[in-house]
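**Student:** Just so you know, the protein sequences line up as chains F and E, in that order.
If you count the first sequence from 1, position 206 lands on 206 in the numbering used here, and the numbers rise without skipping.
If you count the second sequence from 1, position 55 lands on 55 in the numbering used here, and the numbers rise without skipping.
Treat the hints as calculated values from the structure; they're not laboratory data.
These numbers come from a predicted model, not from an experiment.
Glycine included, every Cβ here is placed at the ideal spot set by N, Cα and C.
Honestly, I wouldn't trust all of these hints.
Unchecked claim - Chain F side only, calculated, beta carbon under 10 Å to chain E, not exhaustive: (1) Q112; (2) R130; (3) K168; (4) V172; (5) G228.
Claimed, not checked - Below, computed lysine-lysine pairings styled on BS3-like, alpha-carbon distance capped at 30 Å: (6) K76/E / K59/F; (7) K76/E / K168/F; (8) K76/E / K77/F; (9) K97/E / K73/F; (10) K76/E / K12/E; (11) K59/F / K97/E; (12) K168/F / K97/E; (13) K24/E / K12/E; (14) K24/E / K59/F; (15) K97/E / K168/E; (16) K97/E / K76/E; (17) K196/F / K77/F; (18) K76/E / K154/E; (19) K76/E / K73/F; (20) K168/E / K24/E; (21) K59/F / K73/F; (22) K59/F / K12/E.
Stated by the list, open to error - So the derived label-pair ranges between C-beta atoms look like this: (23) E123/E / G223/F: 38 to 46 Å; (24) R46/E / N238/F: 19 to 27 Å; (25) R19/E / S166/F: 53 to 61 Å; (26) R216/F / P18/E: 38 to 46 Å; (27) G45/E / C45/F: 50 to 58 Å; (28) S89/F / P18/E: 39 to 47 Å; (29) E52/E / S166/F: 21 to 29 Å; (30) L148/E / S187/F: 53 to 61 Å; (31) N109/F / R4/E: 29 to 37 Å; (32) A143/E / A226/F: 33 to 41 Å; (33) P61/F / P167/E: 42 to 50 Å; (34) I92/F / E139/E: 55 to 63 Å; (35) D90/F / G45/E: 25 to 33 Å.
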Amino acid sequence: MERKKFLKSLSLFAVATPSVLASCKKDTGVDDVYAGTDVEIDGSCVVSPPETEGPFPTKSPSSLERSNIIDGKTGAKMSANITVVNSNSDCIPVEGAIVDIWHCDVDGNYSQYGNTQMQRTDFTDVYFFRGRQVSDGQGLVTFQTIFPGWYQSRATHIHVHIFNSSGKSLLVTQIAFPDDLSATVNSTGAAYGYTKGMSGYTYNARDNVFHDSVSRQMSTITGSLATGFDLSITIRVNA
Amino acid sequence: MCNRVITLCYRKIIAHNPRTAWEKMVFEDSHAEYRMQVQRFDPDGRCARFSELVRQVPESRQLHFLVSTSVANYLKQLQDLVPDVLDNLGRRFLHFKTYRFEIIDSAIHDPRIHRVSISFISEPLWWLDTIGEYVLLAEPSDATTGPLPTKLFKLPPYVSINFIQYPKCDD
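Only chain F is shown next, with the shape it has when bound in the complex:
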């Protein structure tokens, strides 16, 4: 049901949805140099037969629309539970909000292939730690991910962009992590891929994003490296 709602939400301008009925047809004319029997060569001036368009297209959601955003990457498992509420209406849950999140891997790198060179990257793998969910009746979305790593000049964080169901941006924000927990994970989590330690780490108080508002962006996290973590946060938007 959520997926249906989400697809509907992306119809930002009215268009007829192309037929998907052709999706069951099989493409038989591809790259089969030895198949078939001899045929008479067409020496006429008739327009050559066009190729089929296939493999046949079907309407597909964004690759972001998924709850598990790990894509096989290493790290301590974490369930991120984000509740969206409406500041304009006594903080009641916002149903149908589109929630995008993204964060770095254990080494502090983000997924993206947008380099200047045509790098050889398998396109199925380049969206790790990026996801999109639509909030339920309680305003809740849940992502299966890992405890993020860190990079220079920033404390551990997750980026969040929240839209209403029509795709209008409501809030761009970031989720903060307790300093002591970041220290524990990065100092003792080598077995889970956290090998950078804390040398050069930027704590929340010195972080340019969080230093003036960290209490309002701080998450609650339970669990451990061994059992995995559960992150919870309520984000208030003007819906």
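Knowing the structure of chain F, use the given hints to seat chain E on it.
**Tutor:** Positioned in the frame of chain F, the structure of chain E alone reads:
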């Protein structure tokens, strides 16, 4: 075998007058995603067009990548086969594993401005010979005996040789 190895690049442009159902879905979904993501870089909607925005806000070049998420699943539907590019028998024959999505231009309120390109990078091919206007290509093979399946191909517009490697022919 001692052959030159090339990859081909096909740059497919999709604009407001899509020819096929696949193009139409790529066009619509990439424009919808653009409308969502552009708000991060231009929350007040001051720049009417993407081309204007990238001059004002260089970080907005991230939109190429961010909007590509909306079409990644359509690329998978191609099952690694480059569209449109046919050999002289009229068959698609180029396989790809790498592509690059780019926004040529876009505008929130005017879909007619929205134009994107997808550059498909072919898997490596042997360039065996050139016959008139045609190049004779084959998929690299370790086989040293027996016939080699080949493709005869004339480079159309928007297709280019993207990469070439000359072999060391010591033997």
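**Student:** Hint check: K59/F vs K73/F, CA-CA at most 30 Å. Holds or violated?
**Tutor:** holds (28 Å)
**Student:** Are K76/E and K154/E close enough, with their CA atoms no more than 30 Å apart?
**Tutor:** The given pair, whose Cα atoms are some 26 Å apart, holds under the 30 Å limit.
**Student:** Take a quick look at whether K76/E and K12/E sit within 30 Å of each other, Cα to Cα.
**Tutor:** It holds: about 16 Å lies between the C-alpha atoms, which stays within 30 Å.
**Student:** Measure nothing beyond the straight line between the CA atoms of K97/E and K73/F; if it is 30 Å or shorter, mark the hint as holding.
**Tutor:** holds (20 Å)
**Student:** Starting from K59/F, check that the Cα of K97/E is at most 30 Å away, please.
**Tutor:** Between K59/F and K97/E the Cα gap is close to 21 Å, so the pair holds against 30 Å.
**Student:** Interface hint check: G228/F, Cβ to nearest Cβ on chain E, cutoff 10 Å. Holds or violated?
**Tutor:** Constraint on G228/F not satisfied, violated at 26 Å.
**Student:** Measuring from beta carbon to beta carbon, are L148/E and S187/F in 53 to 61 Å?
**Tutor:** Distance hint for L148/E, S187/F holds at roughly 58 Å.
**Student:** Does K59/F sit within 30 Å of K76/E, going by the straight-line distance between their CA atoms?
**Tutor:** Roughly 12 Å between the alpha carbons, so the hint for K76/E and K59/F holds.
**Student:** Evaluate the given range 53 to 61 Å for the C-beta pair formed by R19/E and S166/F.
**Tutor:** Given a distance of about 29 Å, which is not inside 53 to 61 Å, the answer is violated.
**Student:** Is 42 to 50 Å a correct range for the gap between the Cβ atoms of P61/F and P167/E?
**Tutor:** holds (44 Å)
**Student:** For A143/E and A226/F, compare the CB-CB distance with the range 33 to 41 Å and indicate the outcome.
**Tutor:** violated (51 Å)
**Student:** The hint says 19 to 27 Å between R46/E and N238/F; measuring C-beta to C-beta, is that right?
**Tutor:** holds (20 Å)
Consistency note: the structure conflicts with the earlier hints numbered 5, 12, 20, 25 and 32.
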